[in-house]
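Number of protein chains: 2
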Amino acid sequence: MSAIKFSVTSKSGKARTGLLTTPHGKVRTPAFIPVGTQATVKTVDPDDLKTLGAEIVLANTYHLYLRPGTALIKKTGGLHNFMNWDGPILTDSGGFQVFSLGWGLEHGVSKISNIFPDEDEVDRRTQKPRLMKVDEEGVTFASHLDGTKHRLTAEVSIKAQQDLGADIILAFDECTSPLHDEEYTREALARSHAWAARSKKAWTNRKQQALFGIVQGGAYQSLREESAQFINDLDVPGYAIGGSLGKTKKDMHQILGWVNPLLDSNKPRHLLGIGEVEDIFNGVARGVDLFDCAAPTRMARNGTVLIRPESGGDLKNRFRLNVAAAKFKNDMKPIDASCDCVACQNYSRAYLRHLFAAHEPLGPRLATIHNLRFMMKLMEEVREAISTGNLSRLAKRWGVGLQ
Amino acid sequence: MSAIKFSVTSKSGKARTGLLTTPHGKVRTPAFIPVGTQATVKTVDPDDLKTLGAEIVLANTYHLYLRPGTALIKKTGGLHNFMNWDGPILTDSGGFQVFSLGWGLEHGVSKISNIFPDEDEVDRRTQKPRLMKVDEEGVTFASHLDGTKHRLTAEVSIKAQQDLGADIILAFDECTSPLHDEEYTREALARSHAWAARSKKAWTNRKQQALFGIVQGGAYQSLREESAQFINDLDVPGYAIGGSLGKTKKDMHQILGWVNPLLDSNKPRHLLGIGEVEDIFNGVARGVDLFDCAAPTRMARNGTVLIRPESGGDLKNRFRLNVAAAKFKNDMKPIDASCDCVACQNYSRAYLRHLFAAHEPLGPRLATIHNLRFMMKLMEEVREAISTGNLSRLAKRWGVGLQ
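Chains as they are written, first to last, in our numbering: chain L, 1 to 403; chain S, 1 to 403.
Honestly, the hints are just simulated from the structure, not real lab data.
Predicted, not measured: the structure shown is a model, and the values here were computed from it.
Treat each hint with caution, since some may be false.
Note that identical chains are pooled: a pair holds if it fits in a single copy or bridges any two copies.
In silico lysine to aspartate or glutamate, EDC-like type, Cα no more than 16 Å apart, as pairs [stated by the list, open to error]:
#, residue 1, residue 2
1, K201, E155
2, K396, E310
3, K75, D331
4, K396, E381
5, K74, D331
6, K75, D163
7, K149, E136
8, K250, D279
9, K327, E182
10, K247, D279
11, K11, E384
12, K50, D340
13, K201, E137
14, K333, E310
15, K149, E182
Only chain L is shown next, with the shape it has when bound in the complex (with noise of 0.2 Å):
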């Protein structure tokens, strides 16, 4: 018996609305999952979650196996306890933050700030390139924290992982950069499917963990196929669609049509990483279920929030507003005035841009909140169309064309 049941409630095209039921409760699909990398989603706690609506959160295997510890907050009676978080949870396999950074400092390729939600934890003293060495068993790689010397395998993740205690885990895979040619991609995916293998062979405790296998092979279409073919014969309890997405949305999009149709349509499908409004837009067109993404958080914290096609946000603005911008000082609208939450509720714009001009740290917390509803009111609005068969048009409404 899996930990998990997921089923199909409506269907409109290949968009679907489900509800994937764990050991935690509940998650309405299509759902965007807040990304909470150090065992919490920076400047919220649960009660927030809640209120904003968000039904499952992720946390960073890497992270939290170099600190504090899985081992740790396995003897503190799980992550759940830990953080305070009674709801699902879903962990990575610390995969693809180690090879990101290894990746990305050998290819001179610097998305470590993308990669690292909270920078300041990169070393920048030494700006070497880190360790980072791949073979057929695993990965030994430098802690970006302290330099010290770790090994990550199939085994090794899948244990972190069960001592975390998420309702959903990853399969351990090699993650390629868009820079890899296809001779190397093939290579990684023959790892990753052998470490997709023996991480379900390491998932001993499967009436409280779902294990996710995870779709690899590049922008490569045969490559792609062939591992959504073997995931899919790999008979887990629910898909992840990872690594390199190619270098445009539209690749992105394609890959989708490649994968999805060779995934078990009655298991869940979760885009990893991915969360801008036309790629949730084009994910659950193309029959994607779940997604994170650490940018509405990230970019918050930053001031920059989330708009609506009411309040102005498009494509071109990509849906977004710097409210920390000069030209906001005596704007007293909200951020968005079609929005619920509490910042647009209670604050100015003028506040707000005060706050970060200011570096006070409830102008970050009241934009994460916003960015945070915005996401989650926008997956609702996601399910409501396609229960109603009028995912077409919500797209229009909010500009973006279904490819």
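Assemble the complex: chain L is given as a structure, and chain S must be docked to it using the hints.
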């Protein structure tokens, strides 16, 4: 007719409980006033403050005058509207910050970090003594933010405070340091008294705002008594006791013993910038009604939390515990098992320790919530003890001697 009404509701020796009625609601005294320097109590919002039991907040005119500007706040509907706090507010005159900054640097007293709750605001590029020049009319100073030159006088301060629109405003005064001799303190006191009279004259909206005069005079008995007499005779709605309170806690308590008997007992007395447990007890025992202090919220942001006697708090540890310390990493107990705040009801010391180690904003927030609740609960108990004639017993339970 005064903007405020103050009625003593019970007396026990010199201690009293009271009810302070302002245009924005009632305050039960003795009360502790959380400090919201820049129109926000750092990390929390007005709903949090109400939940914690706060009935009044303080904002700093100096900071708001420089950023975002008191005229801007007036334009947005005043401070209550700007920061979304509909309860009573008290603003100071700005004098304390200007003089502390000036004297501190001139005398090499590096107390800047105590004066500015947000240390980052101090421009550390130059480290040069900033301009601060007193004359009979007022003081010329350079902004700590950008070095721009400003001039503060009684009239400017009162205008700024009228623009902010707090329920209680303070007269402009010259704040002397413990390093000033009696001669200088006497000259400064003469200026403070002249400025108090000018503050009263500049104070025009007497039905909306209540002006408190400030008793100065350093640690010199004759000057403190002269000042108390002068400020009492000024016939304003309330009093504050400010400036240097000597070098020891005993000095402070002695000064209160000189000053308070000379002040009209039908008006409220505010001891400025004081908030340690033993000072609260000794203050109320000498007839103080209002306290404010940035320490409980400032120390919270570094992981220092206040604990009650039941949980090991005492005079020796100053009722403090550094929950960010490594020794708490496995500690599943709450900060203080006898506390009813959300931090203590829901989270372990181990989790708090993790949040601080990982630089997570939820750490400072939970610690701030706890420390403010500690202060509010202490004041609730103090009021109850005074009204039932049990103040000495309560002080004893806290291990505090009422000298």
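Status of the hints after comparison with the structure:
no.: 1; hint: K201 / E155; in the structure: within (9 Å within a copy, 77 Å between copies)
no.: 2; hint: K396 / E310; in the structure: within (13 Å within a copy, 61 Å between copies)
no.: 3; hint: K75 / D331; in the structure: between (50 Å within a copy, 10 Å between copies)
no.: 4; hint: K396 / E381; in the structure: within (13 Å within a copy, 60 Å between copies)
no.: 5; hint: K74 / D331; in the structure: between (48 Å within a copy, 13 Å between copies)
no.: 6; hint: K75 / D163; in the structure: within (9 Å within a copy, 55 Å between copies)
no.: 7; hint: K149 / E136; in the structure: neither (18 Å within a copy, 66 Å between copies)
no.: 8; hint: K250 / D279; in the structure: within (10 Å within a copy, 66 Å between copies)
no.: 9; hint: K327 / E182; in the structure: neither (48 Å within a copy, 50 Å between copies)
no.: 10; hint: K247 / D279; in the structure: within (14 Å within a copy, 64 Å between copies)
no.: 11; hint: K11 / E384; in the structure: within (11 Å within a copy, 63 Å between copies)
no.: 12; hint: K50 / D340; in the structure: within (14 Å within a copy, 21 Å between copies)
no.: 13; hint: K201 / E137; in the structure: within (14 Å within a copy, 82 Å between copies)
no.: 14; hint: K333 / E310; in the structure: within (14 Å within a copy, 48 Å between copies)
no.: 15; hint: K149 / E182; in the structure: neither (30 Å within a copy, 63 Å between copies)
Hint compliance for this structure: hints 7, 9, 15 are broken, all remaining hints hold.
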